[in-house]
Each structure stands twice: as structure tokens, then as C-alpha cells.
Amino acid sequence: MSVATAATSTSARPRRRSRGGGQRSAPYVFLAPFIVLFVGFLIVPIGLAVWNSLHTVQRSGLGFGSSSETAFTGLSNYTDALTNPEFLDGLGRVLLFGAVQVPVMLALALVLALLFDSAAVKFTRFFQLSVFLPYAVPAVVAALLWGFLYQPQVSPIVDALGSVGIDPDFLAPGTVLWSIANVTIWSVTGVNMIIIFSALQTVPREIYEAARIDGAGEIRTALRIKMPMIAPAIILTALFSVIGTLQLFNEPMVMRSVTSNVSSEYTPNMMIFSTTTQGGNINLGSAMAILLGLVTFALSVAVSAASNRRGGKR
Amino acid sequence: MTMSALEQRSANRRSARVRRGDTERHGERPSRVGVAVVTVFMVGVLIYFMLPVYWLVVASTKSTSDLFSTPGLWFADLNLFSNLSRLSTYDGGIFWRWMFNSFIYSGVGSVLMTFVSVVSGYALAVYRFRGRAVVLGAVLGSMLVPQTVLAQPTYQLLVEIGLNNTYAGVLIPSLVYPFGVMLGYVYARSSIPTEILEAARLDGASEWRIFLSIGSRLMGTGTVTILLFAFIGSWNNFMLPLLVLNDQSLMPVTVGLNGWSQTAITVPELQTLTVVGALVSVIPVVLVFVGLQRYWRSGLTAGGVRF
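The listed protein sequences correspond, in order, to chains C and P. The first sequence begins at 1 in our numbering and counts up one residue at a time. The second sequence begins at 1 in our numbering and counts up one residue at a time.
So here's chain P without its partners, still in its complex pose (with noise of 0.2 Å):
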């Protein structure tokens, strides 16, 4: 239902956007034979994308008996509400509550490290000043460090100043977005016009207002972008948190759900909970992801450009 929902808006979206592009496809005319072999091909390719997704909304479906017992791929007794009040209520709703973090997490976080992006990016895109080539180069330079030379001494830090084990102490260092500064300085230069910003300033407007107004607007796509992909690396989150937190309560879902897949060989009951977990946690990215579809197809083509 939900496939030919999208393909139907895919389609719609399709004959509004990319014309150019499709005119030119009808014009190439390939052989017979290598459409078939294609098809196949492509059959292949969303088998093994979404047999996954698949086996995961059937599996969330069945008892843990029958999740060992019959076969994966298709639907036994019908257990999916008994199975989502179980995961609701184990350990006292712990589960919600990691849900609740994780969009605390990743709401607020992407929202931050967007608008940090951005003006960032704006920055370095618009003004020539002292210093501009050595933040450029801090940011470019800064996405090749691995993530645990961080971990271990932000976790220090953290100890030290008195953020372990709180929101703020995996919120804050998770701020420090370089890609996003990368992007947002990309989207920057290849969307805003000076002219325009010399023609607001002989205006008198101040230079905040001239981003308010002008550069964060012409940023649009190219700011929900950012946005998208902030929110689903703060998602995915996961050394850090499992560093900086003991309290489980604090814990995003992620966190969460490894914790009770390590148990669940003790505890077979979260062999079920786990699954269900599994898919209840991705709905609301995915949710995200395919909602704002629109944008990060025309956001990316955008950056294209540089790339």
C-alpha cells in the first residue's frame, strides 16, 4: 500500500520536476535485451534493499515461538499489538522513554547543528575576511579525524566540567558538525548572489537581517538538507552516548535496544521486544526521510555542483 502510495507521488513529483532531464531520457532509446537484463538487475537490487525492512515488519508480528519456529518470510498468528503492549510496558516503558530521548537527542540536536551549519557556512561563503582560509581549512581537515580519538577525551571533559551522565553532555559535542559547515559553506556559494546582498546593505539593512532575510531563504533546500542529514547521524548515534551515560533512563534508543539484544540470550522474551523495537524506532526516520524526500533530492543536486 505504502509502495504504490510513493510511486504514485514519485510519479507526480516526477512529471512536475525533472523534465529536462526526462525529455532527454526518451530520446535514448535502449535495446530491448538491456532493458530486460536491467529489470532483472534492478529486481535483484530491491530485493536485497528491502528484504531486510521486509523480514523485519513480519518478524515484529510474530511470538518469540513463533519467530523460531516458522518461516521468516511470512506471517504466522497475528501478535504485533500483543507484542507493542509488551514493549510498552517492559521494565516499567524504559522503551518510550529511550524513544523520547533519542528525539531529544536528534530533534534538538539537528535543529543546532543546522543552524550552526548554516550561518557558518554563510560566513565563510559571503565575507573575504582574516582568517576565512584557516576556518576552511580547520573544517575540511577536521572531518578526517575518527570519531574515537574524540570519544575518550570528550568523555574526560565531560567528567570533568560535570556533563556525564546528562542530555547536555551527548547534546553539546555532538553540535561540532563540520560536513554540515561544508555543506551549508557549499549550498552558500552556489545559491547566493552578492549583488543582492550589496543591494540590501545600500539599504541599510544590518548584516544579521540581511542573512535572516535574504541568505537563510536562498539556503532554503539546501538548509533541510543538512537538517536531514544531521538528524539521521544523530540517530545513529551510538559510541558516544554509550560512553557518556550509565543512567538508563538517559539512554537513546539505539543504546537501548543493543543493551537488550546483549540480554536477550539470557532473556529470550527480548528476542521479540527487540525486534519490535528495532522497527518502532526507524518509523519516525523514515517517516522523516521520505517527507522531506522533495528536498533532499533538489538539496543534493545543489551541491552536486562543488562536489
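Chain C on its own, in the form it takes in the complex (with noise of 0.2 Å):
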């Protein structure tokens, strides 16, 4: 409904060069819909966390008859958030998170891709869809599930590993970090794989005809030519990685229900939640919020650059 209204007030604005009827104002009513909903539920809460970043509620008088208001207090909650010890501490555990999964789970799909796109893996499509099904899995089931597996009570991984004498205990504060990686490792190795598989086949086949007639062998071909072929999904990959362990949440969210060593300032996604809903501090939360978000766009930016000079050379 509300789209149908946008529609026409967008159709009617006036544009120059005119190439006939429709064609000038189409663009602008099949952009309408989104426009709309981009500005209503991105531009205006992006905006409205900026606002709210920059004020403070402060409280005066005591008791009951206490009243609240709102006051700019410029880069206060920043520095609030910068100098906050969780804060930091969560950064710099999505960070390490993010160092490690991201290499490790990027590893395993470009080797997976590049096995199911040579000839030496049958039944290509019934391993691929084994691989990628995990991703279908919503990731709050896929950490009920994992936090399942790795209780002792119910484990079986437990107990295989006990029977021959080692005795894991995925739960405990050092390893929780990393059994939380291996339910995201799990989950979205599928999908990146399918990507970088999906790049491997626009490749055109006379390529690897010229390698092989060179001598080129099948592990030679992959590293050489394949790789650099399909660079840019790699990126596009690590991308999209970086910016997701940045924004962890839901796996050691749903963690909490199994283990006490994630606390609810786990994650900066997590601590900005309790501080805002819990703590009610919702001008706090929104200067976290941002830092994070300039976080992964400063880590975004570095990827892409990086990978720009790595186009470059080659």
C-alpha cells in the first residue's frame, strides 16, 4: 500500500531527456519500493543511532519524584565505550575470533571448491549438497545442536574421545571460543564453497587444456591458474566473513543456555545488546554500536584494498 503511494509520487516528478512515455520515470517507480524501505528502516535508524550516540539521560532529583531528560553530551558515551574494559575485550575476542575461523573455514571451502571442480572427487553433488546443507540450518539450532555435542552428559564426541583416553572439555573458559568457531565453520563453510565453486566453473575449460599440455599437474593448475582466476570470489568471501565474525551473536548467544563461561558481554554484538535492553542504556549502546560498525567498515576497507594491490601486481 504504502509502496503504490511512493510509486506515483516518484512517477510524477519531472525529468529531462525524454525518450518516450515510461522509460524516464520507470527506473524511479521499480527503485520506489526500495528507496522506501531503505531510507525508512536504514538511513533513519543509522541516523537515530548517531543521534542517540551523541546524547545522554541524566537524571536529577531523587526518588520517586525523579524526572529524566535527554542531553547532547557530544563524544562522551564514546569515550565511555572506549575506555569500558568488557567492550574492549569483546573486540579483541571477535578479532582473534576472526583471525583464526576466517583463515580456517575460507581454507576448507577453497580446497572443498577446488576438489569438486577437478575430477578427482566422485559423487560431486551429493557431497556438495552434505557440505552445504549446515547452512540451511538456522544458526541458533546449529549452536543448540553443537552445545548439545559438546556436553559431556550427552556428547557422543565425548565419549569417543574418552574411550581412547583423552578427555575434552569443549565447554571451559580457554575453549569455548573455539568450539563457538567450529559451530560457525560448520555452518557457513557451504555456502563459501559454493561461491568459490560457482566461480570456478565460469572458468573457461580451454585454460586448464593449455596448462595441462604445458605439464602443468592438477595441484600445479589449481595454484597457479585457478586461484588467481578466481581471486575476486575469494575476496567477496573473506569479505562477507570478516564482517559476519565481527557481528557474532547468535551462536554464543544460544551458548549461554549450556555453559556460564559466556557471559552476556561475550561479543560486542552481545554487550551492546544487555546495555541496551538489560541496562537500558540505550545512548551507550548506540556509541558502541557504532564503533562496531566503523570496526568492520575499517576492516572491510582494509580487506579490498588489500586485495586491490594483490590485482594490481598480477
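Watch out, some of these pointers could steer you wrong.
Unchecked claim - Okay, the calculated beta carbon distance ranges per label pair:
id	chain 1	residue 1	chain 2	residue 2	range
1	C	L96	P	V134	35 to 45 Å
2	C	P232	P	V57	35 to 45 Å
3	C	P85	P	R32	49 to 59 Å
4	C	A298	P	S65	45 to 55 Å
5	P	I104	C	G165	46 to 56 Å
6	P	S69	C	V301	50 to 60 Å
7	C	P204	P	L80	42 to 52 Å
8	P	A133	C	R59	44 to 54 Å
9	C	G280	P	Y167	21 to 31 Å
Simulated from the structure, these hints should not be mistaken for laboratory data. Nothing here was measured: the structure is a model prediction, and the numbers come from that model. Glycine residues also receive a C-beta, built at the ideal position from the N, C-alpha and C atoms.
Dock chain one against chain two, each of which comes alone in its own frame, and use the hints as you go.
Right under this line is the structure:
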């Protein structure tokens, strides 16, 4: 309904360069629903977050007669966030998490994609589906599932390792982060594998033919020809993975029901969530959210810059 | 049983589809040792990715006491049906209400998300207009915005317009789907030749008609791929409903199950119900996923051209 009204209002807008009838206004009409939603639920919320982060609710008076008013406090919420040890710990934790999880997961996805693209694997489609299927399992369910597999009372994995004399504790303070990393690797390797594999499929086969005639083996071809050809896909997956790890929320949130070693401030996202909901401090939470956004942005730019440099060398 | 059926189907598909790739593959002839190493690796991979799913199926058939006392990877007394009936009756059948809600959020949501993405992607790919670069930049840039930056202010906004704790409050904000728009753009650019559009224009067709009868059809495979990603994405939705909803009967199944898992510490019965519920909640997504296999395979390859 709102879409229809928006569409008529934009189509009435006059435009120069007449190329006949609807063609001038058509793109605006077509884009109207997206633009309305984009402004309403992306631009406005970001603006609101920025406004929140620059203000603070100040309480005056005591007891029942107290009143609160919102005052502009500049960057004080940001300095509060940046001097908050839990927030910084959480940030450090997800950066460490990403530094391990992203390379491991992408390496696995890449190896699988290369294997599926080579002649080495039979039943390619069956194996591909098995690897991709966990992606269809919602993160919350994946975390619940692995949560059971980590609990000594239920876990067949702990049983099996116990029978050969290893006694793992997947939920200890030092290991739980990597147990969470395992859940995310299990969930997202498939989709990254499929994206890389799709890119491999678009490489013209004649190139491989030429390499073979030149005497290059499978592994050499994979390293020297296939990987450079699909570099853009690898960079894209790396970029999305980095963004994903910084936003880590669902899995550790669910893990809280099986271990007390995941605090409610375990990751920046969880910290923001608890600050705004339980803590009721929207202003500080917004400042943290924007800081997290800036870190994400900076890292994404760094990933693309690094990839551009490599692209230039090639 | 399902596995062999899948294999069968995929084998059929393979012979019909990726011919080009296959003939090349047979020409490469890898060494026997290489094949052995790869096979061992692939079995390991299969176990890693499928074992949790297998465990879930086995665990769903067990009573609460068997869940804790019998070996995890083999069946004990078959209690699947009694588990399912307890799942259906617990708390007045709230679980099915959650499933229904998830269907509304993901079903309605993904169809609308796909429509918006395809129409916008088409417009960006086919037309040259003022502001196009700005929209494209905004689409790409917004993919970098973390969900939390948006979640809290979105909630505030929803409270302001009175949509918190409603279906619309979860549904509408999730319709902003820049990734889908980008995919739509990529597919439209690689699948729609401009000559066809010009020809249709000369025949006097309106722009909307051209989109409906030519553009949207040429984008068919890509559309299904977007739909699949949108469906999985919204079925996965957790943080926003967690913030926006406080009425149990409006929650999607992810939020509901998480709640059960947290209460299971005090109510052991909920352990089993969480397990069975998790299994049931995954079935629709897996069905959609496997059923649309043919589309996402070719859809992603088409998109791969521009990635």
C-alpha cells in the first residue's frame, strides 16, 4: 500500500532527456519500494543511532520525584565505550576469533571447491549438498545442536574421545570460543564453497587444457591458474566472513544456556544488546554499535585494499 | 534412503546438465594414490558435516532419560512419536504456533524481499538514469552495516509508530535486503540483452509490461536463488524478533527454541523437546533447499560471472 503511494509520487517527478513515455520515470518507479524501505529502515535508524550516541539521559532529583532529561553530551558515550574493559575485551575476542575462523573456514571452502572442480571426487553433487546443507540450519539451531554435542552428559564425541583416553572440555573458559568457531565453520563453509565453486565453473576450460599441455599437474594448475582466476570470489567471501565474525551474536547467545563461560558481554554485539535491553542505556549502546560499525567498515576497506593491491600486481 | 534417492537424482541431473565440465573431467585422469587420499578426506568431510544432523535425528527418537544415558550415535527405545505429541501439546501447542509464525515471517518476507530485489536490480541494470550511481553505492555500502547498528534504533522506531510486538514489526524491517538487490542487479545484467528490450519498446509495450513479460522471465533462475537466500536468511532471523517481540505467541521458532533451551536447565523435559523441535524446525528449510537445488546451482553459476 505504501509502496503504491510512493510509486505514484516519484513517477510524477519531471525529468529531462525524454526518450519516450514511461522510460524516463520507469527506473524510479521500479526502485521506489526499495528506496522507501532503505530510507525508512536503514538511513533513519542509522541517523537515530548517531543521535542517540551523542546524547545522554540525565536523571535529576531522587526517589519518586526524579525526572530524566536527554542532553547533548558530545562524544562522552564514545569515550565511555572505549574505556569500557568488557567492550574492548569483546572486540579483541571477535578479532582473535576472526583471525582464526576466517582463514580456516575459507581454506576448507577453497580446498573443497577445488576438489569438486577437479576430477578427483566422485558423487560431486551429493558431497556438495552435504557440505552446503548445514547452511540451511538456522544459526540458533546449529548452536543448540552443537551445544548438546559439547555437553559431556550427552555428547557422543566426548564419549568417543574419552574411550581413547582424551578428556576434552569443549565448554571451558579457554576452549569455548573455539567451540563457537567450530559451529560457525560448520554452518558457513558450504555457502562459501558454493560461491567459490561457482566462480571456478565460469573459468573457460581451454585454459586448463593449455596448462596440461604445458605439463602442469592438477595441484600446480589449482595453485597457479585456478586460484588467481577466482581471486575476486575469494575476496568477496573473505569480506563477508570478516563482517560476519565481527557481528558474532546468535551462536554465543545460545551457548549461554549450556555454559556459564559465555558472559552476556562476550562479544561486542552481545554487549550492545545487554547494554540497551537489560542495562537500559540506549545511548551508550548506540555509541558501541557505531564503533563496531566503524571497525567493520575499516576492516572491510582494508580487505578490499589488500585485494586491489594484489590484483594490481597480477 | 533419502541419501540414495538424492544421489540418484543428482546423478540424473549431472548427466543432463554439466556435460561440458564432465567430459573435461574424465580427460584429466588423476593418479590412483591421489584418488585414495581425496576419498579419505571426503569421507572425513562428510562425517564432519553430517554427523550433527544424524545425531539430531537419533536424539529426537529418545526419551529424556535415554538422551542422557544411552550412546548418542545409536537408537534406544523409539520414542519419536511420543516426543512429537508432547512437542505438539506442550504449553498449549505453542511450538506449532512458532512454526506458523516462522512461515509467515519467512514465507511472506522472502517473497516480498525477492520482489523488491528483482525489480530494483532490473532497474539498476537496464536503465541509465540520474542517481543510479548513488543507489548502487548505497546498496554496496549498506552491506557493511552491522545488524546491531540497526537493531536497536529500528526497535525504537517501531515503538514510535506502534509496531513493536507485532508481525509487521518483524516483517517490514527485514525487507531491506541489499544483498538481494545486488544479486538481482548481477543477474539482470548478465541475463537480459538490451536489444530485446528495445524491440519490445518499438512494439509499443509499456516498461512495466516489458519487465513482467521479458525481464522477470529471463531472470527466472536468479530469482529463485534470491528467494532461497532470502528464505534462509529470514528463517535464521534472531536478533530483531528477540528485541521487537515480547509476546510468546508471535515469536518465530528460533527465538522460541532458544527460550526453551534456556529454561531446560530447570525443566529437564524441555531438553528433549528442544531436540525434537530443532529437528522439526529444520525440515522445511532443508526441503526448500533440496527442492530448489537445480535453481541455486545454475543461479549461482550465472552470478559467478560477475562476482
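Those earlier numbered hints the structure runs against, lowest number first: Every hint satisfied by this model.
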